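Assemble the complex: chain A is given as a structure, and chain B must be docked to it using the hints.
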Amino acid sequence: MIESLLFWLCCAMVLVGALGAALVRNVFHAALLLGLCLLGVAGLYLFLEQPWLACVQVIVYIGGVLVLILFATLFSADAMGTEQRRRVTTLVIGSGAGALALVLAWRMATVGMQNGVGLQPTRSEPGMVPDAMAGSTNTVGDLLVGDWFVPFLAAGLLLTVALVGAVITVQRFRVRAEAERA
Amino acid sequence: MLEFSPDRLDAYLAISTVLFAAGVLAATTRRNAIGLLIGLELLLNAAALQFAAYGRFRASATDPQGQTAAVFVIVVAAAEAALALAMLFAVYKTTRDVDLEKTRELRS
Numbered sequence: 001m002i003e004s005l006l007f008w009l010c011c012a013m014v015l016v017g018a019l020g021a022a023l024v025r026n027v028f029h030a031a032l033l034l035g036l037c038l039l040g041v042a043g044l045y046l047f048l049e050q051p052w053l054a055c056v057q058v059i060v061y062i063g064g065v066l067v068l069i070l071f072a073t074l075f076s077a078d079a080m081g082t083e084q085r086r087r088v089t090t091l092v093i094g095s096g097a098g099a100l101a102l103v104l105a106w107r108m109a110t111v112g113m114q115n116g117v118g119l120q121p122t123r124s125e126p127g128m129v130p131d132a133m134a135g136s137t138n139t140v141g142d143l144l145v146g147d148w149f150v151p152f153l154a155a156g157l158l159l160t161v162a163l164v165g166a167v168i169t170v171q172r173f174r175v176r177a178e179a180e181r182a
Numbered sequence: 183m184l185e186f187s188p189d190r191l192d193a194y195l196a197i198s199t200v201l202f203a204a205g206v207l208a209a210t211t212r213r214n215a216i217g218l219l220i221g222l223e224l225l226l227n228a229a230a231l232q233f234a235a236y237g238r239f240r241a242s243a244t245d246p247q248g249q250t251a252a253v254f255v256i257v258v259a260a261a262e263a264a265l266a267l268a269m270l271f272a273v274y275k276t277t278r279d280v281d282l283e284k285t286r287e288l289r290s
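Those sequence lines, one after another, are chains A and B. Sequential numbering of the first sequence, starting at 1, is according to my numbering. Sequential numbering of the second sequence, starting at 183, is according to my numbering.
Next comes chain A alone, as it looks inside the complex:
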């Protein structure tokens, strides 16, 4: 009972957060609603018995990405605070694209669910608490330095390149601003 209530709460958080983040005009509010949505997704990871992933979601997304977005919003509140009213044509085309994405993604999900090899779309009651280790940090760590070693290195490289690129992008402007001031 409590479990399904919490599940509904997480679902509501995700839906309200996602739709709000897409539609609200104030960008600061949109970022806060994104935080609500991310928290709901972390809750869903807990229901999927993947607590480690939920922790990563909270730490990286809410602690990192969201704070970065909020910081950027605050950093230039004049231009980024409230969005200009969107054009009607943009809204119509965007809603069409959103509806199309909804239909296509749901179709893909159902096809994947029906034809996926080795899938069991419903969790049967008590016996289906599989291998307790499967959700744990140990197994993920083993995978990361085992089968997934090359993607793991690539992810590290990607992060390094992204950070260095970000610093260089910002630095160039600071150098120019200082040159103009001198």
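Check before you lean on any hint, since a few could be wrong.
[To be verified] Below, a sample of chain A positions facing chain B; criterion: calculated Cβ distance under 7 angstroms:
1) 7
2) 11
3) 28
4) 65
5) 101
6) 117
7) 119
8) 121
Hints listed in this document are in silico derivations from the structure and should not be mistaken for laboratory results. Computed from a predicted model, the values in this text were never measured in an experiment. The beta-carbon is built from N, C-alpha and C at its ideal position, and this holds for glycine as well.
Only chain B this time, still in chain A's reference frame:
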């Protein structure tokens, strides 16, 4: 047909589908560049949720590869956010605005 319960795969897939659609909506209609970034984060989150859900509902045992793939999605999202915000900063420095309909170039 769709029954909402934490024990069913289709519930997670439905949530992730709506998340994806909301992401597309935000990414296509937002005029503010930060709003666009928020839409992209929603899209990537939908993908990660699907990976995790498919990994959980295996017939034999939970497959940790779904979870691992979801972590890679999160890594890509983090890198994308860092780079995109740096570019936003650059655009803002040049034009004092992040409205995507007015911003046409990065070079001042």
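Requested in this report: Report holds or violated for the interface hint on residue 117/A, using the least CB-CB distance to chain B and a cut-off of 7 angstroms.
Outcome: Since the shortest Cβ distance to chain B is 9 angstroms, the answer is violated.
Query raised in the report: Is the shortest C-beta separation between residue 119/A and chain B less than 7 angstroms?
Result: holds, 6 angstroms
Query - Hint validity - residue 121/A Cβ closer than 7 angstroms to any chain B Cβ - result: Residue 121/A check passes; min Cβ-Cβ to chain B is 4 angstroms, inside 7 angstroms.
Report task. Mind checking the CB of residue 7/A against every CB in chain B and telling me if the closest is under 7 angstroms? Result -> Interface hint status for residue 7/A: holds (4 angstroms vs cutoff 7 angstroms).
Report task. For the hint on residue 28/A, just tell me whether its beta-carbon gets within less than 7 angstroms of chain B. Result -> violated, 9 angstroms
Query raised in the report: Are residue 11/A and chain B close enough, Cβ to Cβ, to be under 7 angstroms, as the hint says?
Result: Holds - the Cβ of residue 11/A comes within 7 angstroms of chain B, reaching about 6 angstroms at its closest.
Report task. Using 7 angstroms as the Cβ threshold, decide whether residue 65/A counts as touching chain B. Result -> holds, 4 angstroms
Query - Restraint outcome when residue 101/A is required to lie within 7 angstroms of chain B by C-beta distance - result: Because about 4 angstroms separates residue 101/A from the closest Cβ in chain B, which is inside the 7 angstroms limit, the hint holds.
In this structure, the earlier hints numbered 3 and 6 are contradicted, and the remaining ones agree with it.
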